[in-house]
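A.B. asks: For reference, the chains in residue letters:
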Amino acid sequence: MSGAQHVVSKLMRESLMDRQVIAGTESPVRSILPKLNVIQIGGQSIMDRGKAAVMPVLDEILANQAEHTQVIGVGPGVRARHMLAVGLDVGLPTGALATLAAKSAAQNAYMVSCLLASHGFVYLEAPFIVQLLPAMLAAARGAVFNGVPPYDLWEHPPALGKIPPHGSDAGSYLVGEVFGARSVVLLKDVDGVYTSDPKTDPGAVFISEIKAAELIAMRLRTLPIEPVVLELLTRAKLAKSVRIVNGLVPGNLTRALAGEPVGTLIHS
Amino acid sequence: MPNAVENSILTELGKRLVGGSLSDESLMRATENTPNRALVPWANMVKIGGQSIMDRGRAGLMPVVDEIVANLPRHKMILGTGAGTRARHIYSLAIDLGLPVGVLTVLGTAVAWQNAQMLQYLLASHGIAFLEPEGFASVPHYLMERGAVICQGMPPYKLWEENPDIGRIPPQRTDTGCFLIAEVFGARKMIFVKDEDGLYSADPKKDPKAEFIPRISVQELLKMDLNDLVVERAVLEIMLNARHIKEIQFVNGLKPGQLTAALDGEPVGTIIYIEGVSRGAAQ
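Line by line, the protein sequences are chains L and X. The numbering of the first sequence is the working numbering, which starts it at -15 and goes up by one. The numbering of the second sequence is the working numbering, which starts it at 101 and goes up by one.
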């Protein structure tokens, strides 16, 4: 293109919308923090239950501290649901709802960081995850972050309805993907993925391991994971699996960190 | 439901939201028919291209700046900037070093930020401010007071950017960031200022047989499955789900008067529109 002052590079003068140009950039990605384990504590499933559910999970995290580097993502839970209910009622757009809901997860993450503070865990907001996570993990014993990604006003309007599609499952997974983490473990209040709701259907079959694309194709009515994570997994470069385990069962997190087949493993 | 809030004052939908699963399709469907409130319906989102305008320096940029100034009394504008050639350089370098997409987004954001700062210096004497994403609650105030406000065009996804279908370049860049600003504010217009008259059937910089397309629907455009596009593919995909922005316009910033014409509602350049019915309930 004449007139523009270019910096010489392989992509100079190319259209970044051109499929061939884009395909030409395909090449291996390096893992930035290969020893990292991303643990997500569910909002509604764990946090909203209070001490009875939260403290055993935190104790188990601490018991694994010597062996495993852990960063803890935390979900928003019922306050975000309430926020969504009021926000939808007054007609707020998805981006505004995402901004508001993220604050509920920030509250939960801050509480978790307080409970782990004496063991050297720190709470990091998104800009500090960008700049300080490696330094914090070298100096501190672990970090806690807001599971909801910082999409805020820039959250996508979903294909169906108006609920922000990227919640704390997506945010925690994406932290695992960008740092090339060793594992991503989502702590929920169910054992994993079933073919239907085991509470209402006695014929429900447990799925211990499945490909993300297969799970998408099954079109299950509800899932214990945000559907967008399944799509993200199909495009994974480094974090090629997510394990969903029941955080209400002591020992599950430890087993997941040890790589044992507990809960449901969804892979790309 | 443990610790559920006292929900007797919630709407029926609210009660389902507080107790139900957000992966439940029937619950998602129930949120479909909620009202869409346009937050700042008199704002116009204008994206100034990086490689196409900013990188040209005085010759390309100053006429656009002059045209923005001339429109300040008549149109409220959120001005977002593209990244351009320095982003191409750092993407090339970072890909070579094996860095992931999220890191490329952080790096590309810095380039769009530089361009936004530069634009702000050029408009500073008109009292135009620059706002970071964290300061976006002040956008309506600055628009009302000064008629325009500047932001960098990248969405603030940082390390949380998603991988593309193919390759390693962040799929959601400044076109997408600016479009999403327009959508969330329910803006009056989404105008992209680039260095072409609009959309062509191929890249006019490379193919002399490329045909100009003045108006086309997103659905048609996606069906044509062009190898190259005037806009990030992510914008077209998100447009299919948009609640507010029903069309986007592309004008040539190197031709004086095109931005003004677009702001005035004239069909200059290319308009890409969404075909189909509106979503959501009346207010």
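Hints are computed from structural coordinates only; laboratory data are not their basis. Among the clues, some could well be false.
Below, a list of computed lysine-lysine pairs in the PhoX-like style, where the Cα atoms sit at most 20 Å apart [unchecked claim]:
#1 L/Lys221 / L/Lys19
#2 L/Lys(-6) / X/Lys289
#3 L/Lys221 / L/Lys195
#4 L/Lys224 / L/Lys195
#5 X/Lys346 / X/Lys289
#6 X/Lys306 / L/Lys(-6)
Quick caveat: nothing in here was measured; it's all calculated off a predicted structure.
A.B. asks: Work down the list of hints and note, for each, if the structure agrees.
C.D. replies: Taking the hints in turn, this is what the structure says about them:
no., hint, in the structure
1, L/Lys221 / L/Lys19, "16 Å, holds"
2, L/Lys(-6) / X/Lys289, "34 Å, violated"
3, L/Lys221 / L/Lys195, "15 Å, holds"
4, L/Lys224 / L/Lys195, "10 Å, holds"
5, X/Lys346 / X/Lys289, "9 Å, holds"
6, X/Lys306 / L/Lys(-6), "17 Å, holds"
Hint 2 alone, counting from the list given before, is not met by this structure.
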